[in-house]
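Chain A: place on chain E using the hints.
Going down the list, the protein sequences come from chains E and A. Position 384 of the first sequence, counting from 1, maps to 384 under the numbering used here, and the rest follow consecutively. Position 5 of the second sequence, counting from 1, maps to 1005 under the numbering used here, and the rest follow consecutively.
One or more hints might be untrue.
[Claimed, not checked] Pairwise CB distance ranges, derived in the manner of DEER restraints:
#1 V1021/A - E284/E: 51 to 61 Å
#2 T399/E - G1121/A: 42 to 52 Å
#3 E1105/A - A212/E: 23 to 33 Å
#4 E1105/A - V214/E: 53 to 63 Å
#5 T231/E - R1025/A: 47 to 57 Å
#6 V189/E - E1026/A: 20 to 30 Å
#7 C1022/A - C521/E: 35 to 45 Å
#8 R447/E - V1021/A: 41 to 51 Å
#9 R225/E - V1021/A: 41 to 51 Å
#10 G543/E - E1136/A: 20 to 30 Å
#11 E1026/A - G543/E: 18 to 28 Å
#12 R1025/A - D216/E: 27 to 37 Å
Read the hints as simulated data drawn from the structure, not as lab findings. Glycine residues also receive a C-beta, built at the ideal position from the N, C-alpha and C atoms.
Here is how the chains run, residue by residue.
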Amino acid sequence: MVKVDEAVQEFLTESYEALDNVDGDLVLLERDPASPSLISSLFRAIHTIKGTAGFFDFSRTARIAHTAEDLLSLVREGQRAIDPQVINVLLRTSDTLRGVLVHIEANGVEPDGDDTRLLAQLTALQGDAAAVPEAEEVGDLVEDASAAPAPTPADPPRPAELEPAPPSTSGPSEIPRAAATTVRVSVEVLDRLMTLASELVLVRNQIVQHNATVRDSVLQGNAQRLNVITTELQETVMKSRMQEIGSILSKLPRAARDVATECGRLVRLELEGQETEVDRTLLEAIKDPIGHLLRNAIDHGIEPPERRLSAGKPAEGLIRLRAYHAGGRVNIEMTDDGRGIDPARVVEKAIERGIITAEQSARLGASELVNLIFLPGFSTAEKVSSISGRGVGMDVVRTNIERVGGTVTVESTLGSGTTVRLQVPLTLAILPALICRAAGGRYAVPRGNLRSVISVSRDDQSRRVEYVYGAPVLWDRGALVPIVCLARILEREARPLEEGALVVIVEVEGRRFGLVVDEVCDTEEIVVKPLGPRLGSSGLFAGATVLGDGMVALVLDVRGLGHRSGALGVQRARAPDVQVDRGAAGVGGRPRESFLLLGLGGDERVALRLSEVSRLEDLEPTAVQTIGGRRVLQYGREIMPLLELSELVGRGGGDGRGRSVVVCVHEGRPFGLIADAVLDVVDGELPAFAGAAMIQDRATELVDVPALLSSYASQLFGVPS
Amino acid sequence: MSTRKQLATFTVDGLELGIDVCCVREVVRSRPITEVPLAPVAVAGLINLRGEIVTAIDLRCRLSLRPFPADARPMNVIVHDGDAFVSLLADAVGDVVSVDASTFEPTPHTLGAGARRFLAGAYKLERGLLLVVDTEAVISATDVVPRREAPSRAGALGPEAGAEPRSS
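For reference, chain E alone in the conformation it holds in the complex:
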């Protein structure tokens, strides 16, 4: 058997289906010959076969279908009534076509054959009924038809006596139906399968867990097999729910064309990766966000043609939409070669709309500035267009994507273009989660939000809780991470934060915070069931699940937690746990920064730029060692030289009563600067000239840490130890 290519196979499958419909319609038409809907349906089916056959150069098929279509056209216009003659010829046409299709399937080409008679019959019926040619084939019932030229609905039809005429094919009952390689399954059945597979996963979890606690080799073996089979079943069912993303992408070129026309842009949309598979339920969730991103790209991204030309770009803008699998997730990237996102303008608008204050913006890096577009109430559109609306865009996109466990990121180069990347998990239903215990209950943290788990330790600098304005924080990968107590958010009794406490670092909306829990249990694959409406709307829970031991646990909504606790709070309702003092507004309009204010004894104070500080430590006099005549401190695995700040800044020697060590890193080596006390972390204005910063209305000496350490280091390490 010749292998036919996929397109032809699809043509065949569809045509078989169409012919089934034709047969069905014809049978119904015999009882209801005037039915307009049946006639239309019949016409459409034949018309489709004609069209696609022509596309593939199946000329015999096309010719037969075309002639039949001509007849049906007359019927549709009321110029030819359906009578048994017409029905019979059309049924024969259907059989003929079917035979041809079978041959194509087996051999890749149309069979040779003489359709003269059939075509003549079809043509004759378009004209004078009496001109129908005599039949010669045995069992051909054209005789019956010609005996009753006038159409009478009362004539009992006898479709069962039909026999096909063309000698090149066998009777309809004997034509081997090509087995279709796909079947159509109703969505409900697929959903049911998924539900059952999910339930099985839960039971499997329970059995596996129980199995671990008993010594039963029979159970062991079966539990093992159950585990393997369930995993594969789960994966296979998930696969059955996968649909090509092309099904939603294919509508985009038309949408792009319409939006571009409305905005006066020239745009070309290129799609890549349309065959990328996505879970059916996720397709719904990402459809609107993608549409919105496309509108944004055309409306705000691509410049009008004149602007583009004067910028040296082609007048037609290019938007590329690429879908692919990577890292166990579905990635969708939309890249445009438009004007890009201008961080300065973003900041301007954000400040204007009260989303952020100037001093807070000064602390943000360029990529963080761009991410301001995700905040509610933001839109840099000069005029609100009917399409992209008023700032409804990016925050809604992000919310919707995050709701299904995905992420949205933006990268942009001013003048060159913007790339928005959506990442969504392969499936919604089952997700891995970390089970924690807090306030007497167990809670699941979705792995997607999980970054790390830290056990608090006073001795280990990297696991030490600091307090900024009375709020606990941890340094995590170079950033201050606010810590909140899960029990307290749940309004239960909370234990004080102590040595060994467990902090689960989570991330959502690009920001991290830590959740203090009592215990971290294990990771489980959980099926998240939605919470009913009567459980309140605290926003803290994404749903509930049944754990391996049969107990119900609540699944945390990390975003809701972050907002309710204030750990993610921006400048709206709740104040964030970590807040930096807002000093007086900058006078000279110079950039404002955060400074660490240190006391050197007496009233003396100096400031260091917070960005140059790695850690703050308390100085334990007993921990100071003297090596080679210099005072040092053990810092992790390193020996850290200690320097008296007051000495360094020329205020005379320290009195040795310094209690704070400011750790700064220079060229990879830590240095400990001893100060009397850490007074504050404040905002101030960078000095116009080196040496002093305006902090709390006092000119305060600013220590240039890098310069200081640089000269000291060359002294220090130039000496052989």
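Relative to chain E, chain A alone:
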């Protein structure tokens, strides 16, 4: 001609309550309840009913009765609210009782307003009053703050010395 109704009965803090049998799916023995922080006050939590997660409502709380003792093992009366199953926590479950529909009475005013809100009426039985639960009202109430009312005495439906009018 009298029509008879079948009511599934159960007791809650001494009160005998009934629900039309067609509305009760099943009764399930006590099982562990997972509390849901910040949920409305009468929501006791969630239970695992053969893999399905079902909300359990504390009937004592809902009817402003005395709370369950700490070591209580309440039964789960499973009803359906149109979307999902819901469990109503009761002390103990009784028999299915057949009543004459014509003996239906409005809920006596001797019961506190907090309880009357969730009762549809009563049937007079030989052994006492069988109060009919308004299942829908019980399930859909979303009070967050517990209502403070003097506890009703078990079985005593005379003029309630302790029943105070609900302060608004």
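Each hint tested on the structure:
Here the CB-CB span from V1021/A to E284/E is close to 40 Å, at odds with the stated 51 to 61 Å. A hinted range of 42 to 52 Å for the beta carbons of T399/E and G1121/A is consistent with their spacing of about 47 Å. In this structure the hint that E1105/A and A212/E lie 23 to 33 Å apart at CB is violated, the actual value being about 58 Å. Checked against the hint of 53 to 63 Å, the pair E1105/A and V214/E passes, with Cβ atoms roughly 56 Å apart.
For the hinted restraint 47 to 57 Å between T231/E and R1025/A, the CB-CB distance of approximately 33 Å leaves it violated. Between V189/E and E1026/A the Cβ separation comes to about 28 Å, which falls inside the hinted range of 20 to 30 Å. Range check, C1022/A to C521/E: about 42 Å between beta-carbon atoms, so the 35 to 45 Å window is met. A hinted range of 41 to 51 Å for the beta carbons of R447/E and V1021/A is consistent with their spacing of about 45 Å.
Judged by the Cβ atoms, the range 41 to 51 Å given for R225/E and V1021/A holds: they are separated by roughly 43 Å. For G543/E and E1136/A, the Cβ-Cβ distance of about 25 Å falls inside the hinted range of 20 to 30 Å, so the restraint holds. Against the hinted window of 18 to 28 Å, the Cβ-Cβ separation of E1026/A and G543/E comes to about 24 Å, which satisfies the hint. Roughly 35 Å separates the CB atoms of R1025/A and D216/E, a value that falls within the hinted 27 to 37 Å.
Checked against the numbered hints above, the structure violates hints 1, 3, 5; every other hint is satisfied.
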